[in-house]
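Fit chain D to the given chain A structure using the hints.
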Amino acid sequence: MNAVLKVDQIVKTYGTGRLAVDRIGFQVKEGICFGLLGPNGAGKSTLMKIISGIIKADQGSISLLGQPLAANRELIGKHVGYVAQDVTLYEQLTGRQNLHFFGKMYGLNGSQLKERISEVLEKVGLTDRSNEPVMSYSGGMKRRINIAAALLHKPKLVVLDEPTVGIDPQSRNHIFEMIRQMKREGTTIIYSTHYMEEAEALCDELAIIDHGKIVAEGPLYEVLEQHALPAVYVEADGWNPPSELAAVSRIQAQNKGWLIEGENALQLLHDVSNDLLQSGHRVRALQLQQPSLDSVFMKLTGAALRDE
Amino acid sequence: MIISIFAKEVRLIFKDKSTYFWLFALPILFIVIFAAIFSNLSDNQGEAIAQIIPGYTVMFVFFIMISMVQSFLRDRESGMLARLRSTLMPPYHFLLGMWLPHVLVLIIQSTVLLGFGYLVYGLQLGNVLAVIALVLALAICATGLGLALSMIASSLNAAIGVVQLIAMGGAILGGLWFPFEMLPDAVQAIGRFTPQYWGLQGLQSAMINGSGLNVATVWQAVFLLLGIGVVGLAGAIALFKRYSSKGL
Numbered sequence: 001m002n003a004v005l006k007v008d009q010i011v012k013t014y015g016t017g018r019l020a021v022d023r024i025g026f027q028v029k030e031g032i033c034f035g036l037l038g039p040n041g042a043g044k045s046t047l048m049k050i051i052s053g054i055i056k057a058d059q060g061s062i063s064l065l066g067q068p069l070a071a072n073r074e075l076i077g078k079h080v081g082y083v084a085q086d087v088t089l090y091e092q093l094t095g096r097q098n099l100h101f102f103g104k105m106y107g108l109n110g111s112q113l114k115e116r117i118s119e120v121l122e123k124v125g126l127t128d129r130s131n132e133p134v135m136s137y138s139g140g141m142k143r144r145i146n147i148a149a150a151l152l153h154k155p156k157l158v159v160l161d162e163p164t165v166g167i168d169p170q171s172r173n174h175i176f177e178m179i180r181q182m183k184r185e186g187t188t189i190i191y192s193t194h195y196m197e198e199a200e201a202l203c204d205e206l207a208i209i210d211h212g213k214i215v216a217e218g219p220l221y222e223v224l225e226q227h228a229l230p231a232v233y234v235e236a237d238g239w240n241p242p243s244e245l246a247a248v249s250r251i252q253a254q255n256k257g258w259l260i261e262g263e264n265a266l267q268l269l270h271d272v273s274n275d276l277l278q279s280g281h282r283v284r285a286l287q288l289q290q291p292s293l294d295s296v297f298m299k300l301t302g303a304a305l306r307d308e
Numbered sequence: 001m002i003i004s005i006f007a008k009e010v011r012l013i014f015k016d017k018s019t020y021f022w023l024f025a026l027p028i029l030f031i032v033i034f035a036a037i038f039s040n041l042s043d044n045q046g047e048a049i050a051q052i053i054p055g056y057t058v059m060f061v062f063f064i065m066i067s068m069v070q071s072f073l074r075d076r077e078s079g080m081l082a083r084l085r086s087t088l089m090p091p092y093h094f095l096l097g098m099w100l101p102h103v104l105v106l107i108i109q110s111t112v113l114l115g116f117g118y119l120v121y122g123l124q125l126g127n128v129l130a131v132i133a134l135v136l137a138l139a140i141c142a143t144g145l146g147l148a149l150s151m152i153a154s155s156l157n158a159a160i161g162v163v164q165l166i167a168m169g170g171a172i173l174g175g176l177w178f179p180f181e182m183l184p185d186a187v188q189a190i191g192r193f194t195p196q197y198w199g200l201q202g203l204q205s206a207m208i209n210g211s212g213l214n215v216a217t218v219w220q221a222v223f224l225l226l227g228i229g230v231v232g233l234a235g236a237i238a239l240f241k242r243y244s245s246k247g248l
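As given, the protein sequences belong to chains A and D, one line each in that order.
My numbering applies: residue 1 is where the first sequence begins, and numbers increase by one.
My numbering applies: residue 1 is where the second sequence begins, and numbers increase by one.
Next up, chain D with everything else stripped away, as it sits in the complex:
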């Protein structure tokens, strides 16, 4: 039944036209605008591209949490979750079937954004396997947090506030907008605790051509991102009963 719920959710996500705007058009617009601005300011265009494209990819990944909260609230408030409880569907199938499509969405989104950078700006992908591992870890991290938030969010507006804080706050502190080294020491100290920092550091380590793959940084980033994701997933499992009982 997980596959059926997964297929239904993927269909719903991609039937919604606004998905294409939020997932692809808006991030690409950001990349194009900021690439134009920073390429003019920087002597080394390659460095600017290597900051902007992975940076915005990491930043937009975390906005998936809004879409996740929306889906979970929709099914609870419409009575769908209650109705499904009268079928043969085991409750954990619902949780997994709703979570996995968002992982897939983030893999597609990251592929499109990094592919766009590669094709249009000549972004170096470096070690592709390492990039794939990081994209997967990022997807699990963001969706794990999204799943946990979906279990506790009582309204979409409240959740949007939390996601803005996580996505934008993490973007500033994690060095997604400006090179991390340019940030004040105090901000850098806090920034090292954000998943965005590790996402960008990992991607840049895997991608930067010529400097060789910094395996330790990549593995560290992958494990930290996966760790955050797993904590989010565990929290969601623990909170699932609370979430589902509200819709009855």
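The shape of chain A in the complex, shown without the other chains:
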């Protein structure tokens, strides 16, 4: 697969001297969903704004569809659809009027614009409500029309910055389906989120960013394999993990029980079961846990609060 986007050694420092992006580089293949994960202030939004031509990088280069992105507004305007973290629509105007406005800004006119408005409204499931002011929409509807505005010009790359914050499960599910459909149609997606289960459900490849640097990158399964171990979760009255358990990498208290990580999950399960049988403790839960992105994320970025 060809790389739609190549990001090479991008550096961005803000006026306050804060280094937001520190020599980040990655490639995004055509037709995949690429996840950008990281805590608040990690540099995700800055990077997405650089890719969308909203702000300029201090150093480094980006190429889109094989062409350098720097100062090429036409390349960005034609092929990139950017969806900001906040809903950016005119609340007093109707959904259709907003789409008409954005369509014009993407250079669409006449019957082509009308057709595209109808198509994206259908895609986001808002055809029936399109003539009502956006201010009367629910949070989920606003998010969906916000995405629709970025799809009018059939972009090859869609940049979605936390598109599901604060919405109902139905709207979230609808957005997921839209993203899967876009992928099937060959559209490439960059998706930023705080929700690891979203990244696991949608992203083919991902990069975890912290303090402006990539701390893990690659296909989802590779990142999981590289940074996480399978584990056994045990919840038993009065039971503590014995020190002589073999091949254990890490033991940590979790909820009302223990999470025991090790290279060989079956061996671990066997040893723990034997110990529980011998000690006679009442077992409330005993289960194998697959490596989760959530645990990898916490392991790589730490548990310290990020209030930036």
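Note that these hints are calculated values from the structure, not bench results.
Predicted model, so just to flag it, every value in this text is computed and none were measured.
Ideal placement from N, C-alpha and C gives every residue a C-beta, glycine not left out.
Treat the hints loosely; a few may be bogus.
[As the list claims (entries may be wrong)] Just the calculated beta-carbon pair ranges, DEER-fashion:
#1 D:Leu248 / A:Glu74: 18 to 24 Å
#2 A:Arg73 / D:Val230: 26 to 32 Å
#3 A:Ala71 / D:Phe21: 55 to 61 Å
#4 A:Arg73 / D:Lys246: 17 to 23 Å
#5 D:Ala216 / A:Gly15: 32 to 38 Å
#6 D:Gln45 / A:Ser138: 57 to 63 Å
#7 D:Thr111 / A:Glu122: 40 to 46 Å
#8 D:Ala186 / A:Ala70: 53 to 59 Å
#9 D:Gln220 / A:Arg18: 52 to 58 Å
#10 D:Thr217 / A:Asn131: 47 to 53 Å
Just chain D now, kept in the frame of chain A:
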């Protein structure tokens, strides 16, 4: 794209119900109240009307600056401006598309207020072409200043303070509330530097029936108002980068 931004902004302005109050209802209320008061005080009702109606028209024109600042802050703070930078829209289309609707609003406002004076109080419009030229020049002057202020205002409250100073201060010094000749010499000397003074002098020269059109005063007023407007617009263009960089 300028036309699309213009159309969107006009739609937003006139969808806001408070627009009708600030642009039309409040100025008309002022005109009615002060016309009633000064017509009783003055022996010559025509003179009072020729002072009050153009005077309040000129005064209220400058309040458009608040609405302009509000629109520009809205688009920057909501992230709209940043989002538009990822489209094909050239930045100067945004500036022009946001500015021109406010020029149109002032043309409509001045037409309504002067038309109200003509229909209700029999205000003499005199040379209509000259009045149109002055209204256009006034609109460009006020919106040019408004555009420049929009580029530097960091909050609406701060901008309202500046607009009050320009609109009310200019109204007092420029002779919009009382005939200019009645003002003390020192105030008159300062007043001649205000756009409000030239706006009123120009309109009165174009309107006063019987005395003939004072072409020189009208042209002087038109050029001075346009000059101030152009300086404001040039300042806004120079400051646009500063304005837009704050929203990123």
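Discussion item. Under the constraints set out in the numbered hints, which ones does this structure not fulfil?
Written reply: Hints 3 and 5 not satisfied by this model.
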